[in-house]
Amino acid sequence: MPGPDLLSSQGLRLDGRRPNELRRIRCKLGVFTQPDGSAYLEQGNTKVLAAVYGPHQASKSKSTTEGVVVNCQYSMATFSTGERKNRPRGDRKSQEMSLHLRQALTAAIKTELYPRSQIDIYVEVLQADGGAYCAGVNAASLALIDAGIPLRAYACACSASMAWRNGEPEPLLDVGHVEEAAGGVVLTVASLPNTGSIALLEMSHRLHMDYFKVVLSRAMQGCRDIEIILDKAVRDHLAEGWTKQDVVTI
Amino acid sequence: MAEIYKLIHPLKYFTDYISREVRPDGRKFDEQRNIKLNVNSLKTAEASAVVKCGNTTVVCGIQLELATPKAEEPDLGYLVTNLELPALCSPKYRPGPPSDHAQVTNYLVSDIITNSKCINLKDLCIVPDKLAWVLYCDIVCLDNDGSLVDACIIALMASLKTLCLPSVTYDNDTEDIKVNADIRTPLKVHGLPVATSFAVYKLPDRNILLTDPSAYEEEMCGGIGANFIVCSNEGLLCGTQKFGGSNLLSDSQEESLKISRDRTNVVKKVIETSIKNDNEFVS
Amino acid sequence: MGMEKNVSKDFKLKPMKCELNFLSKSDGSTILSQGDTVAVVSVNGPLDIKSTSQSIEKSTLEVLYCTKGGKPSVADRYKENVIRQTCETAILGSLYPRTGITVTIQELEDYGGLLSCCLNCTCLALLNSGVSMRCVYAAVTCAVDESGDIVLEPPKHQLQTARAVMTFVYDSREKSLVTSFTEGMFSEDTYKEALARCHAASDLIFSFYRDIVSKYANVI
Numbered sequence: 001m002p003g004p005d006l007l008s009s010q011g012l013r014l015d016g017r018r019p020n021e022l023r024r025i026r027c028k029l030g031v032f033t034q035p036d037g038s039a040y041l042e043q044g045n046t047k048v049l050a051a052v053y054g055p056h057q058a059s060k061s062k063s064t065t066e067g068v069v070v071n072c073q074y075s076m077a078t079f080s081t082g083e084r085k086n087r088p089r090g091d092r093k094s095q096e097m098s099l100h101l102r103q104a105l106t107a108a109i110k111t112e113l114y115p116r117s118q119i120d121i122y123v124e125v126l127q128a129d130g131g132a133y134c135a136g137v138n139a140a141s142l143a144l145i146d147a148g149i150p151l152r153a154y155a156c157a158c159s160a161s162m163a164w165r166n167g168e169p170e171p172l173l174d175v176g177h178v179e180e181a182a183g184g185v186v187l188t189v190a191s192l193p194n195t196g197s198i199a200l201l202e203m204s205h206r207l208h209m210d211y212f213k214v215v216l217s218r219a220m221q222g223c224r225d226i227e228i229i230l231d232k233a234v235r236d237h238l239a240e241g242w243t244k245q246d247v248v249t250i
Numbered sequence: 001m002a003e004i005y006k007l008i009h010p011l012k013y014f015t016d017y018i019s020r021e022v023r024p025d026g027r028k029f030d031e032q033r034n035i036k037l038n039v040n041s042l043k044t045a046e047a048s049a050v051v052k053c054g055n056t057t058v059v060c061g062i063q064l065e066l067a068t069p070k071a072e073e074p075d076l077g078y079l080v081t082n083l084e085l086p087a088l089c090s091p092k093y094r095p096g097p098p099s100d101h102a103q104v105t106n107y108l109v110s111d112i113i114t115n116s117k118c119i120n121l122k123d124l125c126i127v128p129d130k131l132a133w134v135l136y137c138d139i140v141c142l143d144n145d146g147s148l149v150d151a152c153i154i155a156l157m158a159s160l161k162t163l164c165l166p167s168v169t170y171d172n173d174t175e176d177i178k179v180n181a182d183i184r185t186p187l188k189v190h191g192l193p194v195a196t197s198f199a200v201y202k203l204p205d206r207n208i209l210l211t212d213p214s215a216y217e218e219e220m221c222g223g224i225g226a227n228f229i230v231c232s233n234e235g236l237l238c239g240t241q242k243f244g245g246s247n248l249l250s251d252s253q254e255e256s257l258k259i260s261r262d263r264t265n266v267v268k269k270v271i272e273t274s275i276k277n278d279n280e281f282v283s
Numbered sequence: 001m002g003m004e005k006n007v008s009k010d011f012k013l014k015p016m017k018c019e020l021n022f023l024s025k026s027d028g029s030t031i032l033s034q035g036d037t038v039a040v041v042s043v044n045g046p047l048d049i050k051s052t053s054q055s056i057e058k059s060t061l062e063v064l065y066c067t068k069g070g071k072p073s074v075a076d077r078y079k080e081n082v083i084r085q086t087c088e089t090a091i092l093g094s095l096y097p098r099t100g101i102t103v104t105i106q107e108l109e110d111y112g113g114l115l116s117c118c119l120n121c122t123c124l125a126l127l128n129s130g131v132s133m134r135c136v137y138a139a140v141t142c143a144v145d146e147s148g149d150i151v152l153e154p155p156k157h158q159l160q161t162a163r164a165v166m167t168f169v170y171d172s173r174e175k176s177l178v179t180s181f182t183e184g185m186f187s188e189d190t191y192k193e194a195l196a197r198c199h200a201a202s203d204l205i206f207s208f209y210r211d212i213v214s215k216y217a218n219v220i
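Those protein sequences? They're chains H, S and L, same order as listed. For the first sequence, UniProt numbering gives the first residue as 1, with consecutive numbering after it. For the second sequence, UniProt numbering gives the first residue as 1, with consecutive numbering after it. For the third sequence, UniProt numbering gives the first residue as 1, with consecutive numbering after it.
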């Protein structure tokens, strides 16, 4: 069972947030010129970049007539964590994260529109402070929109944990690094809030079946909140006018 | 219209601009792109800097570790520079092991830092033969739009200049190591190496020197990366590298040395200002 | 054949010895010794290569640099890059689109100035292989010793104590700078003087090339 110390007697979390509060999200679309689409997203102290290349011709071995091949790479900069990482990518954790990214984003992309093609999505974590995967999905979602790739809905990811307050279960939204390290349960959900469907669900540690529903619904609520933030960022970006690279003069 | 012209006649498009004494992005031949610098932007690294030269974006983070010095050089610490060119930064790179170009650029950057002698490795030694600092300087390129070496050196030097080493006490008898992160001394940095990249373009009658080339210009000048890099530290040259592209005549050499002198002053001012701003922000 | 020439200027280069067609199986090969530094280069091509590395505009040049130690390092990548870029400016690659030219370099003895020896040897091997070239090129190494004097083609012990080591490559047509790379710190004036000294010394290498070619003319 997770320690009761995750919530103070006033019902505040270790970093001073309320249980249902997200960390501050700041994001920007179209930050780079080289990729077809790019986005930068900050969720608290977690900072990630996403870049999208494509759709372009897929290599022969990968290409399918069914739909586009989504190729994801999740990489953490060597200085992103307090302890220096020796391998930014290719280790098991990064490979697993790349796979999870692909699953979440393939669900959002209208893959059937681009047979025999490939979309490359690269996510780089510059600073990790818990929930780097969630921030990666959200950033990649923005980058896909910046690249102009048709999506079914926003793909949003959010994590949730569980704490006890006065003997009542109290789910915690958007788990930070300290809470992750405290050893509580972490439920990560990637969903398309618009359609209400879940693209990826992953849980670590132990949680009683009875409480699963509350934690899940809190995480889903987080995804819906994030969707609103992302949607606003996209609208603001478009209101600013097309960036120079998007203009094709004929 | 211009976009299509560029696609159909790539060479003529470029030459048309150059022969009218202007570059496709509107700069003059000796004009540099704007430099934007932000120091201490990452909390997980001991020192860090983000630099933007035009569109080229580079992040540098320094992390510290303790290690025993090499037996043959017992009074020297370690300075490890590593440049990463992930597939994210340019459509030319594929995911996978580092390309030849990444390895060569990495070598160039660490070579410039060693040659300029801006860090005395003896300063990194705590107890000879027992304990020394390892400075892991990891540079990640986020957007490669030419003149990569210049941006890397700026990011690296800005981070080194802001780096403060925690004090360490070492007990010779018990071999007990105590790190006090509250008492910190700034690392001594000797001078400020600055690199200036050029691309050399061949017109029928003369060669043109393009300062601070973009990725597109580097490609048009036939090189992977810049053709000519001049690096100087406090008035002394600490490396000139010329690869590929058109050949250099001696008068363009003079010109390039002059431009690199001017650039050194600009970069120095940029780094000093941003470190000052950061200090004010902290206090 | 050996060569040791005293030009009007007060310097001379290390004696150079060279044999063309040193290897029987490759399209062009050369062994070159400059003083005690020795390198062997073999050139194969233009050959058919796999379609992913083909270029429709020019031939793809591949350079392999083998050290005596065997294991390739990042520094070797750098040397390969230097040699490849230099060769690319010399070869008329547009005559052989969609093909590959492979240059393999084997270090034999290193008593200083190995990289410039490799570059010169590569140039002779390319001549020997009959690949069309725009020009030939010559590499000269010089060092700045502790007192600030410039020493051409320094021996190994001087390289270790030198303040700076510079290598310049000049082409034969315009006598302009093709490639340069340096180590250590030096002033602008020293740099310019070194450029001029190496420029003058490159003429000796070009005349050496001419001697070699005239000797082997019936074989090439």
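Take the hints with a grain of salt, since some may be wrong.
What the hints assert, rightly or not - Computed cross-link-like contacts, DSS-like style, restricted to lysine-lysine with a CA-CA straight-line distance of at most 27 angstroms:
1) Lys85(H) - Lys161(S)
2) Lys258(S) - Lys175(L)
3) Lys52(S) - Lys28(H)
4) Lys12(S) - Lys36(S)
5) Lys28(H) - Lys92(S)
6) Lys71(L) - Lys258(S)
7) Lys52(S) - Lys85(H)
8) Lys85(H) - Lys130(S)
9) Lys122(S) - Lys28(S)
10) Lys43(S) - Lys258(S)
11) Lys92(S) - Lys215(L)
12) Lys85(H) - Lys71(L)
13) Lys12(L) - Lys117(S)
14) Lys60(H) - Lys50(L)
15) Lys50(L) - Lys202(S)
16) Lys156(L) - Lys70(S)
17) Lys85(H) - Lys268(S)
Claimed, not checked - Examples of chain H residues lying across from chain S (beta carbon under 10 angstroms, computed):
18) Ile25
19) Phe32
20) Gln127
21) Asn194
These aren't lab readings, by the way, just hints derived from the structure by calculation. Since this is a predicted model, take the numbers as computed values, not measurements. Beta carbons are placed, not taken as given, at the ideal position from N, Cα and C, and that holds for glycine.
To see whether the hints hold, each was checked on the structure:
The suggested pairing of lysine 85(H) with lysine 161(S) holds, with an alpha-carbon distance near 23 angstroms, which does not exceed 27 angstroms. Distance hint between lysine 258(S) and lysine 175(L) is fulfilled; the C-alpha atoms sit about 23 angstroms from each other, no more than 27 angstroms. Of the pairs offered as hints, the one joining lysine 52(S) and lysine 28(H) holds, with about 16 angstroms between alpha carbons and a cut-off of 27 angstroms not exceeded. Pair hint lysine 12(S) plus lysine 36(S) does not hold up; C-alpha atoms about 33 angstroms apart against a cutoff of 27 angstroms.
Of the supplied pair hints, the one linking lysine 28(H) and lysine 92(S) holds, its CA atoms being roughly 24 angstroms apart against a limit of 27 angstroms. Proposed proximity of lysine 71(L) and lysine 258(S) is contradicted: the alpha carbons are some 41 angstroms apart, above 27 angstroms. Distance hint between lysine 52(S) and lysine 85(H) is fulfilled; the C-alpha atoms sit about 25 angstroms from each other, no more than 27 angstroms. At most 27 angstroms may separate the alpha-carbon atoms for a hinted pair to count; lysine 85(H) and lysine 130(S) meet this at roughly 24 angstroms.
Annotation: proposed proximity of lysine 122(S) to lysine 28(S) is violated, straight-line Cα distance about 44 angstroms (limit 27 angstroms). A threshold of 27 angstroms between alpha carbons decides the hint, and for lysine 43(S) with lysine 258(S) the separation of about 38 angstroms lies outside it, so the pair is violated. Note on lysine 92(S) and lysine 215(L): the hinted pairing is violated, with a Cα-Cα distance of about 46 angstroms set against a maximum of 27 angstroms. At most 27 angstroms may separate the alpha-carbon atoms for a hinted pair to count; lysine 85(H) and lysine 71(L) meet this at roughly 26 angstroms.
Restraint check for lysine 12(L) and lysine 117(S): not satisfied, since their Cα atoms lie roughly 33 angstroms apart, outside the 27 angstroms limit. Between lysine 60(H) and lysine 50(L) the alpha-carbon distance is near 15 angstroms, which keeps this suggested pair within the 27 angstroms criterion. In summary, the hint linking lysine 50(L) to lysine 202(S) is not supported, as the alpha carbons are separated by about 31 angstroms, beyond the 27 angstroms threshold. At most 27 angstroms may separate the alpha-carbon atoms for a hinted pair to count; lysine 156(L) and lysine 70(S) meet this at roughly 24 angstroms.
The straight-line distance between the Cα atoms of lysine 85(H) and lysine 268(S) is roughly 31 angstroms, outside the 27 angstroms bound, and the hint therefore fails. About 17 angstroms separates the beta-carbon of isoleucine 25(H) from the nearest beta-carbon of chain S, more than 10 angstroms, and the hint is not met. The closest approach between the C-beta of phenylalanine 32(H) and any C-beta of chain S is roughly 4 angstroms, which is under the 10 angstroms cut-off, so the hint is satisfied. Using the Cβ-Cβ criterion of 10 angstroms, the hint placing glutamine 127(H) at the interface with chain S is satisfied: the shortest such distance is roughly 5 angstroms.
Of the supplied interface hints, the one on asparagine 194(H) is violated, with its beta-carbon coming no nearer than about 28 angstroms to a beta-carbon of chain S, more than 10 angstroms.
Checked against the numbered hints given earlier, this structure breaks hints 4, 6, 9, 10, 11, 13, 15, 17, 18 and 21; the rest are met.
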